[in-house]
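Start from chain A and add chain B according to the hints.
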Amino acid sequence: MIKELEEVVDVPCVHICTVVPISLTVGANRIDPAVAIPHPLGNPALSPEDEFSLRRKIVEKALQALCTDVSEQTVF
Amino acid sequence: MRLELGYISVKDVKFGEKTELRDGIVYVNKAELLETIADERLAKLDVDIVHPGESVRICPVKDVLEPRVKVSGSGNVFPGFFDDAKTVGEGRTHVLRGMGVMTVGKIVGFQEGIVDMAGPGADYTPFSQLINLVILADKVEGLKQHEHEAALRMVGLKATRYVAEVSRNAEPDEIKVYETKPLQEQLLEYPGLPKVAYVYALQTQGLLHDSYLYAVDAKKILPTLIYPTEVMDGAVISGNCVSACDKNTTYHHLNSPVIYDLFEHHGKDLNFVGVVVSNENVTLLDKERSSNYAAKLIKSMGVDGVIISEEGFGNPDADLMMNCKKIEAEGIKTVLITDEYAGRDGASQSLADGHVAANAVVTAGNANAVITLPKLDKVIGYVDAVNTIAGGFDGALAADGSITIEIQAITGATNELGFNRMGGSVI
Numbered sequence: 001m002i003k004e005l006e007e008v009v010d011v012p013c014v015h016i017c018t019v020v021p022i023s024l025t026v027g028a029n030r031i032d033p034a035v036a037i038p039h040p041l042g043n044p045a046l047s048p049e050d051e052f053s054l055r056r057k058i059v060e061k062a063l064q065a066l067c068t069d070v071s072e073q074t075v076f
Numbered sequence: 001m002r003l004e005l006g007y008i009s010v011k012d013v014k015f016g017e018k019t020e021l022r023d024g025i026v027y028v029n030k031a032e033l034l035e036t037i038a039d040e041r042l043a044k045l046d047v048d049i050v051h052p053g054e055s056v057r058i059c060p061v062k063d064v065l066e067p068r069v070k071v072s073g074s075g076n077v078f079p080g081f082f083d084d085a086k087t088v089g090e091g092r093t094h095v096l097r098g099m100g101v102m103t104v105g106k107i108v109g110f111q112e113g114i115v116d117m118a119g120p121g122a123d124y125t126p127f128s129q130l131i132n133l134v135i136l137a138d139k140v141e142g143l144k145q146h147e148h149e150a151a152l153r154m155v156g157l158k159a160t161r162y163v164a165e166v167s168r169n170a171e172p173d174e175i176k177v178y179e180t181k182p183l184q185e186q187l188l189e190y191p192g193l194p195k196v197a198y199v200y201a202l203q204t205q206g207l208l209h210d211s212y213l214y215a216v217d218a219k220k221i222l223p224t225l226i227y228p229t230e231v232m233d234g235a236v237i238s239g240n241c242v243s244a245c246d247k248n249t250t251y252h253h254l255n256s257p258v259i260y261d262l263f264e265h266h267g268k269d270l271n272f273v274g275v276v277v278s279n280e281n282v283t284l285l286d287k288e289r290s291s292n293y294a295a296k297l298i299k300s301m302g303v304d305g306v307i308i309s310e311e312g313f314g315n316p317d318a319d320l321m322m323n324c325k326k327i328e329a330e331g332i333k334t335v336l337i338t339d340e341y342a343g344r345d346g347a348s349q350s351l352a353d354g355h356v357a358a359n360a361v362v363t364a365g366n367a368n369a370v371i372t373l374p375k376l377d378k379v380i381g382y383v384d385a386v387n388t389i390a391g392g393f394d395g396a397l398a399a400d401g402s403i404t405i406e407i408q409a410i411t412g413a414t415n416e417l418g419f420n421r422m423g424g425s426v427i
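Sequences listed follow chains A and B, in order.
Under my numbering, the first residue of the first sequence carries the number 1, and numbering increases by one thereafter.
Under my numbering, the first residue of the second sequence carries the number 1, and numbering increases by one thereafter.
Chain A on its own, in the form it takes in the complex:
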């Protein structure tokens, strides 16, 4: 999906992904590490407030990555 969007539609993408090595293997250029496979943007062990804060950080990092020029595969 990410490769198609970048190569065919020419839209920059960020891959929010738990298993970063897979993201590198499949060729994502901007990678934002996530929490865990069943809950990439959440953490049920945290309080709702802390979980919201965690989610916000990951999304803000993704937006920042989207606005950053990269010349090679980059893990943010």
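Everything labelled a hint here was simulated from the structure, so no lab data went into it.
In this text the structure is predicted, and so the values were computed from the model without any measurement.
Just to be clear, a hint being listed does not mean it is correct.
Derived pair list, reagent style SDA-like, types lysine to any residue, alpha-carbon separation capped at 25 angstroms [to be verified]:
| # | chain 1 | residue 1 | chain 2 | residue 2 |
| --- | --- | --- | --- | --- |
| 1 | B | Lys144 | A | Ala36 |
| 2 | A | Lys57 | B | Lys325 |
| 3 | B | Lys144 | A | Ala45 |
| 4 | A | Lys61 | B | Leu285 |
| 5 | B | Lys325 | A | Gln73 |
| 6 | B | Lys219 | A | Asn43 |
| 7 | A | Lys3 | B | Arg344 |
| 8 | A | Lys3 | B | Ala352 |
Here is chain B on its own, set in the frame of chain A:
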């Protein structure tokens, strides 16, 4: 550790007044079995018997087990579930060869499988070749999924243990001996032969994707050493509702071809030194930690080569590759066993992850391959589950009773311990 496996060939399984083994036939007192496995979490329990070649479709199948009982030596089969987890793997164990115990019922997750006892589907599952004691169990209203899984898991273990008891005093038709010495002794036993270990990765993603080692939830372990004969005594069991084709049922663990075939070669062209049990968890940190730890253990064992098996697919491909590259980085050769999800036409990328060090890989087949299975005369369970299980899809069940599915939905079709008749090799 030295284990004698005494195989008793089962000629047939029948219901009878007394649960016993007589003239090679296992008789089961149905009422007593139902009483043994009763569980307040389960609403409806029933038992059926199916034979190879019968026109029967069983679905959804959760687990398949093999009756084994400890005759001598410490502990019990399935250690930790019924006792204080005494170490197993020594002495003698009796095996009822040719029969299986199968747990079936309303679907737990969405990844249980299909076993056809006849027709084209039977070729894809090894369990069509067994006489199966099928346990049907439905949950009580409102039972949560993880409790449903636990209840069915215990029903399978209890039923298997109950049946296995009939073989305790039987005279085996064949006795095979398996022995692994303590590590420092085993390393010296066959000078000149390559020393080989096995990294046994278990599916442990949680949320109904779990395996148990001595009854410990294996996602909570660090990789650890185990004698292969401990595995033969049920130290590793399945609690998995993961995709049917490449999950290891408890039957697979008890009969892992990787372990038995390594023993076949032991002392001839290699020295089978031991097994490292590892896991496949859901965070990157867990994956890195477990593969670091497995590679460290392998290095400390001083072996020349390692076989690494995967369970499941997708993100566990990353565990497989991490184990491979970290062990190869220590100068130790690896061979990987996996299966593929290469799309229905076989043209897509077949693994989610890869590495240049993974240059010797055995595949158990493409799980996305599509097959149509004709209607069979009898269904045990709920065949409409094929519309929702992994490998099935909405509309998989046709009006004429035939089903069209990916072989992913067939229990054991692409098993990554090699317990199947499909496969190929890429070197």
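Exercise for the section: Mind listing which of the numbered hints don't hold for this structure, in increasing order? Expected result: Failing hint: just 2.
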